[in-house]
Structures are given as structure tokens and as C-alpha cells.
Amino acid sequence: MSKEITPKGEDYSQWYLDVVLKAELADYAPVRGCMVIRPYGFAVWEAMQADMDRRIKETGHLNAYFPLFVPKHLLEKEKEHVEGFSPECAWVTIGGGEELEEPLAIRPTSEAMICTMYAKWVKSWRDLPVLINQWANVVRWEKVTRPFLRTTEFLWQEGHTLHATEREAEEETMRMLGMYRDFYQEVLAVPVVPGRKTDSEKFAGALRTYSVEALMGDGRALQGATSHNLGQHFATAYGIEFLDRDQQRALPWSTSWGASTRMIGGLIMTHGDDSGLILPPKVAPYQVVIVPIPPRKGDWNEAVLPKCREVAALLRGAGVRVHLDDRDTQQPGFKYADWEMRGVPLRIELGQRDIEGSQCVLVRRDTRAKENVPLGGLAARVGEVLPALQRDLLERARRFLAENTRRVSSYDEFKQVMADRRGFLVAGWCGSADCEARVKQETRATIRVIPLDGASPSGPCVRCGQPATAEVYFAQAY
RNA sequence: CGGGAUGUAGCGCAGCCUGGUAGCGCACCUGCUUGGGGUGCAGGUGGUCGUGGGUUCAAAUCCCGCCAUCCCGACCA
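Residues in the first sequence are numbered consecutively from 1, following my numbering.
There may be inaccurate statements among the hints.
[As the list claims (entries may be wrong)] Label-pair distances were calculated between CB atoms; the ranges are:
| hint | residue 1 | residue 2 | range |
| --- | --- | --- | --- |
| 1 | 83 | 467 | 30 to 36 Å |
| 2 | 420 | 119 | 51 to 57 Å |
| 3 | 60 | 119 | 17 to 23 Å |
| 4 | 125 | 369 | 58 to 64 Å |
| 5 | 100 | 420 | 52 to 58 Å |
| 6 | 54 | 171 | 54 to 60 Å |
| 7 | 11 | 381 | 36 to 42 Å |
| 8 | 330 | 38 | 15 to 21 Å |
If you're looking for bench data, these hints aren't it; they were derived computationally from the structure. Being a predicted model, the structure only gives us computed values, none of them experimental. Note that beta-carbon positions come from the ideal geometry of N, C-alpha and C, so glycine has one too.
All chains should be built: construct the whole structure from the sequences, respecting the hints.
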């Protein structure tokens, strides 16, 4: 395996691909636009999934599973939804060697299927709310794909809920947006800007769409997760009705919210460096890797390995995910580079000299700082450094976000900054779709979000000069 | 779907202009060597040159078609 990767500064997008492939997170598959998530990458996904699944359940949701195929007539029930998704649908038209009477879409999202079932299940106000989540794969026939960031098939979770009132639905939408924000920050160490999408960017069929937006190392924004208040659109289209307390027929309000394997792309681009990936301890498949240092050929197995095994067991006992790299076919220097590429947060070097001094060398992946740690205090020290590293990654990413979020007052300044440095530009917007479209055409930047905690607009619309209705975040998006 | 480029070993490339037994680096295998930041040396395995046709005694090389991939735009989690 060649270990050289393209430096970030030379070609960011090549750097990203190099990390994905050389850290063995994923590989290209022999199918257009699809990737294989390799064991190391899948372990990262599983760690993310486990944490998010817990959060989803703690907020009262239950997991279920719905079919992959969506009959054409069901997908077509909600007009805006079908118009939004039909261009990127894959269709199955033959089954068992015979042409199907009705084509089946491979789900691009599951509103159609799930709402159809909800229409069967919900009869009374006592059946509400319905709080269901699904972990699944979906297919969207994208024209341009990149590993994790945009693939034809991807893995995600999609929550689908029904509520008796608009207020409850909006609360749910915001609760899950907050869940995503917290997950990004606490688990992935990625700071995000939560906010509402403009009409042109909202989900096909939604009343309102919210998202969390992160800023990547090249100054482009990545939509991290979305939460939609679907209003009564889907209940109407799929005939979901219930009798309320007053014995009146009523339409429930629905929400949906999702986050995908794209998060792994965001993780790579937020923390990685020219030596490869840097994983936050909370999602690292291995939080610590132990590299034994053989003193002389032949006797390292007797001298060093038992001590390394002892240290590994000690740390495992303290709840740390440890890997002992006992390959006797690779040299220490090779292993350092290898595990740095894969982003393991902490490395322990342990050789004869350390055993004699009853210590080891502890090295942080992010700063490469080395320290000698007495073996007696190792578990405690690791227990301090892992959370510190997690915090420092978030802190560093927050600084980057702050340094690359600029308030601009004139359109000339807007165009200038968007051309040289990109990042988030905060500016007034008059609320017209026309201004939004022109800015996109002229600068390739779109309105990522109207921030939730947005100050009331202080100036005019950055493009047309009319009074602004909001201060919004602009960026070029992935 | 428009504009540009590229398809030769697992990966990265040379060879093509000027047709004549398919090569280099990395990876992989074997042996020795080395071992606290990607050891070194020697030997070796592996390719219907994207694909179909044409020209020719002879095609990776020249000509035509097709396919695929990548980059830049329009669409998107």
C-alpha cells in the first residue's frame, strides 16, 4: 500500500478521496456511483449509529422496517413529492423474468410507504403520536457521486412521525433538529449551524425544512441532517385520518427527519490532516493502538509482547477500545504512519526501555504530542486524554467555523470573499426567490439556512438593497 | 444532459508521433537483512493493452464505431 496522500492544500478533493481509500473506509464498487463500506469505515458508522439510535429511542421513538420497493401509484400520491423525487428514482420493471404490471421504485425515501401504512394504523386520537424510525438503505440516481458525500445508494435513518396538532409536529421537528445538532457536536466534534431552509431548498412536499449545516476545510458547506415539518400534506395525500376527542374527523400533522452515511464524509473533512484521518474518540473503532517496539530480532515476542498484552487488557478493563498491533512483519515506523492514516486518537509505544522504566510513550494523533506515562497511571491518563482530545477537536473546528463565518455588507464584498476564501457569509436577504437564484447564478453560493437564533436584520438585502427580512447564511454547498 | 480529457498488471504511469517478442515505480510472493518515524539487498508472480470492426505480412501504436471513467457546468442528503 502506498502511503502518500495528496496534501490538502494542493487538491482538497483528491486529498479527501485519498483518505477514504487509504484509511480503508471505503472502496469503489463495480457499480456506477456505488461504494463498498469496508470494515473499518463500517465500524465508524456502527459507532455513530449506536449513539444516535440511543438518542432516537430516548426521545420516545421505536425502530421498524418497511419495504425497499414502492409501487408507482403510491409514490405519485403527493404531487410535489413525486415531482421532487421522480428524476432520481430507480425503477424495477421486470421480476421473475416477466414485465411487472406496475413498476416498483426503489425507495429514495419512505414517506410514501410509511404514510400508506399509517393510514391503516391510525384511527383515533388515542393512536397518536406515532413515533417510528427506520435504519435503511435508499437509492437516488445522482448524476455526480463521491464516496460518502453522495452515492447512488446510501445508508441512513429516517424518522416518520404523526401528531394530533401542528404545535406538536413543530415541536417534534425542532426536537430532532436539536438531537442532530447535539449529536454532531458531542459525538462527531463537528460544530453546526442549525436553521430553516428557504422554499427553494426545502424537501419535496414539506411545509418547512430545517437542517444543520457544517463547514468543511475547503470553505464549502455540508448539509449534515434534515428535519421536516410535513404539515398535513402527506396525511391528505395518503388518507391518514383520525377521530379527535370531539368526535370530529381530523388530519394529523407529520414530520420526517434523516441523517446518512454522508456524516462520515463530514467527519473526514472536518478533522483530517495531511497524514490522514483524525477520528474523535467517541466514534473511533480503536481509541488506542499499541505498537510494540521489538528490541532485537527474535526475542521481542518473549520480552515485549506479554507486557503489551497486559497493558491492552488493563485498558480494556477500563472500558477503552484498544488494538494491539502485533504484526511482526511491519516495522514500528510503518505502523505509526499506518494508524495515523486511519485516525486512531492515541498511540502507545512500548519497548524494552519502557519496560525497564515501567512506563510507556503516549502519543496524540491530533497534536502528535508525546508524553511518558508510568504504567501504573496509564488507565487514568488515557481516561483524561481521550475526552480532552474529543473536546480539543470540537474546539479547533469551532475556531475554524468562527474564522470562516463573515458578515458582509455589500454585494461586491460578498462576491469577492466567495471567490477567494468561501466559508459562510452572513448577510441580509429580502426573502425573494429571485434574489436567491441570482446570487446562486452569480456566485455559486446558496442560502444554506436562515439561522434559528438569527438576529433581526440590521441592514438591507445584500443583493437588491430592499429591506431585509432575515440575516441568512450563504455558502457554496457540497 | 452540454463542454473537456482519459482508458496499458491491484494502484500510479511510460511506450503510440515514426507499426515489428509489452515495460517502469509501488503493492504482492520467497529468502536474507533491519527494527524507538514509512529498513535494505537479491530473486520472483502477475497484463486477451476498455471494446467491436477496419487497414496491414504484422496493430498497444494508424482509421471508424461503441462503452466506461474522471474533471468543469445544470440537478441533489
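Taking the hints in turn, this is what the structure says about them:
In this structure the hint that residue 83 and residue 467 lie 30 to 36 Å apart at CB holds, the actual value being about 33 Å. For the pair residue 420 and residue 119, the beta carbons lie near 53 Å from each other, so the given range of 51 to 57 Å is met. Under the hint 17 to 23 Å, the C-beta atoms of residue 60 and residue 119, about 22 Å apart, fit the expected range. For the hinted restraint 58 to 64 Å between residue 125 and residue 369, the CB-CB distance of approximately 59 Å keeps it satisfied.
Checked against the given bound of 52 to 58 Å, the beta carbons of residue 100 and residue 420, roughly 53 Å apart, stay inside it. With their beta carbons about 21 Å apart, residue 54 and residue 171 fall outside the hinted range of 54 to 60 Å. A C-beta distance of roughly 38 Å is found between residue 11 and residue 381, which places it inside the suggested range of 36 to 42 Å. Residue 330 and residue 38 have their C-beta atoms about 19 Å apart, which keeps the hinted 15 to 21 Å range intact.
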